[in-house]
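*Asks:* If you're matching them up, the sequences are chains D and U in order. Position one of the first sequence corresponds to residue 122 (the working numbering), numbered consecutively onward. Position one of the second sequence corresponds to residue 778 (the working numbering), numbered consecutively onward.
Certain hints may be false.
[As the list claims (entries may be wrong)] In silico EDC-like cross-links for lysine to aspartate or glutamate, where the CA-CA straight-line distance does not exceed 16 Å:
#1 U/795 - D/135
#2 U/793 - D/262
#3 D/174 - U/996
#4 D/257 - U/797
#5 D/257 - U/801
#6 U/793 - D/135
#7 U/795 - D/262
#8 D/146 - D/285
I should point out that these hints are in silico values taken from the structure, not numbers from a laboratory.
Listed here are the chains, written in short residue letters.
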Amino acid sequence: MAPIQVPAAMAFYDDADDLMYVTEKARVEKGYKDLDAYTPYPVHGLEDALGLKMSWVSTVARMGLVAGWGLGFLFQSWTSAIDWPVNIGGKPFVSWPAWIPITFETGVLLAGFCNLLALFVACGLYPRPKTVIVSKRVTNDRFTLVVPIRENQTEAEVVAFLREHKALKIKIIDGIDKERQRVIFRAPMEEEPVTA
Amino acid sequence: MSIALEPEENKLLSSKIKMERVTEEVLAPMGRFPSLPWHIAFGLAQATALLLVLPVIYQLFFGLGIYGINNPVGWGLFIVNFVFWVGIGHAGTLISAILCLFRQNWRTSINRSAEAMTIFAVMTAGIFPLIHVGRTWVAYWLVPYPAERALWVNFRSPLLWDVFAVTTYFTISLLFWYQGLIPDWATARDRAKNRFFRSIYSVLSFGWTGSARDWNHYERAYRQFAFLATPLVLSVHSIVSFDFAVSLIPGWHTTIFPPYFVVGAIFSGFAMVVTLLVIMRKLYNLEHYITMKHLELMNKVILATSLIIGYAYASEFFIAWYSGHEYEQFQFLSRPFGHYAIPFWTMVICNLVVPQIFWSKKMRTCIPVMFVVSLLVNVGMWFERFNIFIISLHNDFLPSSWGLYIPTIWDISYTIGSFGFFFTLFLVFTRVFPTLAIAELKSTLPAPSTGPKIPEAAHHAHHDDDDGSARHHPDSNPKEAH
Chain D
122 MAPIQVPAAM
132 AFYDDADDLM
142 YVTEKARVEK
152 GYKDLDAYTP
162 YPVHGLEDAL
172 GLKMSWVSTV
182 ARMGLVAGWG
192 LGFLFQSWTS
202 AIDWPVNIGG
212 KPFVSWPAWI
222 PITFETGVLL
232 AGFCNLLALF
242 VACGLYPRPK
252 TVIVSKRVTN
262 DRFTLVVPIR
272 ENQTEAEVVA
282 FLREHKALKI
292 KIIDGIDKER
302 QRVIFRAPME
312 EEPVTA
Chain U
778 MSIALEPEEN
788 KLLSSKIKME
798 RVTEEVLAPM
808 GRFPSLPWHI
818 AFGLAQATAL
828 LLVLPVIYQL
838 FFGLGIYGIN
848 NPVGWGLFIV
858 NFVFWVGIGH
868 AGTLISAILC
878 LFRQNWRTSI
888 NRSAEAMTIF
898 AVMTAGIFPL
908 IHVGRTWVAY
918 WLVPYPAERA
928 LWVNFRSPLL
938 WDVFAVTTYF
948 TISLLFWYQG
958 LIPDWATARD
968 RAKNRFFRSI
978 YSVLSFGWTG
988 SARDWNHYER
998 AYRQFAFLAT
1008 PLVLSVHSIV
1018 SFDFAVSLIP
1028 GWHTTIFPPY
1038 FVVGAIFSGF
1048 AMVVTLLVIM
1058 RKLYNLEHYI
1068 TMKHLELMNK
1078 VILATSLIIG
1088 YAYASEFFIA
1098 WYSGHEYEQF
1108 QFLSRPFGHY
1118 AIPFWTMVIC
1128 NLVVPQIFWS
1138 KKMRTCIPVM
1148 FVVSLLVNVG
1158 MWFERFNIFI
1168 ISLHNDFLPS
1178 SWGLYIPTIW
1188 DISYTIGSFG
1198 FFFTLFLVFT
1208 RVFPTLAIAE
1218 LKSTLPAPST
1228 GPKIPEAAHH
1238 AHHDDDDGSA
1248 RHHPDSNPKE
1258 AH
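Build the full structure now, drawing on both the sequences and the hints.
*Replies:* As structure tokens, this is what we get:
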């Protein structure tokens, strides 16, 4: 599905507190919607400033944990008691206490895979030779807020708001993908580094 | 330069370090041609690794008879090395997972290299059971798969639990490590000048963009991995110790083994981290990231675990006496006074006496001292494994089945060679991977003197950096602090 593009304003900061303050103001006071921020490290509190929900990734991991426990236990019981029961030292075919170490390990193993795969799905991550990024500096030392400009707002209005809040640099970009709420940036990575 | 970047009082890192500088300094070695010291070290490591390959090739033709293993002592140096190397790995997971849950910010400077050490140590460890099975080419029989023989593996055997524990540990450590690497590959990608490297790093980064929406998921997944890896790391050496504790051999059949093995693993693992980091911080000019405060904290962990180990040794001897079990008593008398008294006393001196030097602050902040101590601790821990496995097996119940174990030249060859294999992997790591966790390190940098530009933002953010912790580290929750 082709992304629906809305032009967006991008403000650069060099301090995470500035970004957090502006983000919260833009969302709560100004009522701007579908904001996104780009940061070089996970900024604690930014998810609240953006009004994000708690991630569902770890729920998938926990389901994997329980499924791994169940499958591991059942597999050991099935092989030892049903598929080919072997009498080992007169122990019961389902020697359940001896199953526990492997049951634990299979649970953790499946949970780990589920965790990472859920993260890849949630963030749309997959190996690709070319990555579309908003700026080369967001993975280095810049904090960026992206404000989509909607029908009822003007570009000047949004830029004025960002300028008022001491953005180091403001840039208008082509659009934002409304479905995945992700910035669509037409210029490929070869673009000159943004010098904010 | 490094003197100017000494961290201030009550801070782990200097507040003069800017984020851009972290990116530059950590990623610089990846784009440089390796230096001469690196080439020399790599050549030495490669040559030493050959000592691991030669016995294996020789064994393919002549079988296990080339080694010193015999009837009472069937396990030999293979299992000594296996348990030793699995133990080395434990410090990496402790630093990455347990210290993450305990919100210890000092882990961010060392977790990447410690986790790499974990992965390489487990790889090294995994070689030994594969050699020891003799017919290495059918080692896959250890895995339960639907074979034409239709017979399954015996799930009641602790040796099979080991297969699952070690492979799960390796896999989860690798996944956890890779998740931490993703944002750093992205940083490397955006810094790369060369189109070829940019593509490689783009593939490795899985297209990471640094969006706060992605960080929200990332943090959750990272914390979840820490929650999974914490019981896992405790389970691995516990299960390794079951190989012994579940048997009836005097000296093995004790309930103290799981915690005793885990603590020993952390003790030797931290010593190995100190050995590696003391060299790495010097060669790659990382002294202002891996500061004396980090090293001192690790030395404190070594001292603490040394005391716990001493307690475990004492309790083993006490229980041998208190149980009234004559085979157990004989076993524990033969350790300090029997055929293998020299390994026993080496262990006691290296593990219990030498680390006590760290009670002195001057000694635990002295690089040459901690380097020597960390090496001796690893010698001691290797001999601890030797004592547990060899001494317990060589004199068990019936004097008619007693025997001595004398390693052959091939046993010594693969033991030394395993260090070459490990260091080869680690040296490659320091060249091609970001050796510090860049994103995590940035989140723990102390507040710069300039601070936020918006005056209200400073007030708004509830700064809490008096204890040297960072402002935006996910672990320092401003709501709780308020």
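*Asks:* With a cut-off of 16 Å on the C-alpha distance, tell me whether residue 795 of chain U and residue 262 of chain D pass.
*Replies:* holds, 8 Å
*Asks:* When you check the alpha-carbon spacing of residue 793 of chain U and residue 262 of chain D, does it fall within 16 Å?
*Replies:* At roughly 14 Å apart (the allowed maximum being 16 Å), residue 262 of chain D and residue 793 of chain U satisfy the hint.
*Asks:* Next pair to validate is residue 795 of chain U with residue 135 of chain D; report whether the Cα-Cα distance is within 16 Å.
*Replies:* Distance of about 10 Å is within 16 Å: holds.
*Asks:* CA of residue 257 of chain D to CA of residue 797 of chain U, is that 16 Å or under?
*Replies:* With a Cα-Cα distance of about 12 Å, the restraint between residue 257 of chain D and residue 797 of chain U holds, given a limit of 16 Å.
*Asks:* Can you confirm whether the C-alpha distance between residue 793 of chain U and residue 135 of chain D stays at or below 16 Å?
*Replies:* Given that 16 Å is the threshold and the Cα spacing comes to 15 Å, the pair holds.
*Asks:* Take a quick look at whether residue 257 of chain D and residue 801 of chain U sit within 16 Å of each other, Cα to Cα.
*Replies:* holds, 14 Å
*Asks:* Tell me if the straight-line CA distance from residue 146 of chain D to residue 285 of chain D falls inside 16 Å.
*Replies:* holds, 12 Å
*Asks:* Need the status of pair residue 174 of chain D, residue 996 of chain U: alpha-carbon distance at most 16 Å?
*Replies:* holds, 13 Å
No hint from the list above goes unmet by this structure.
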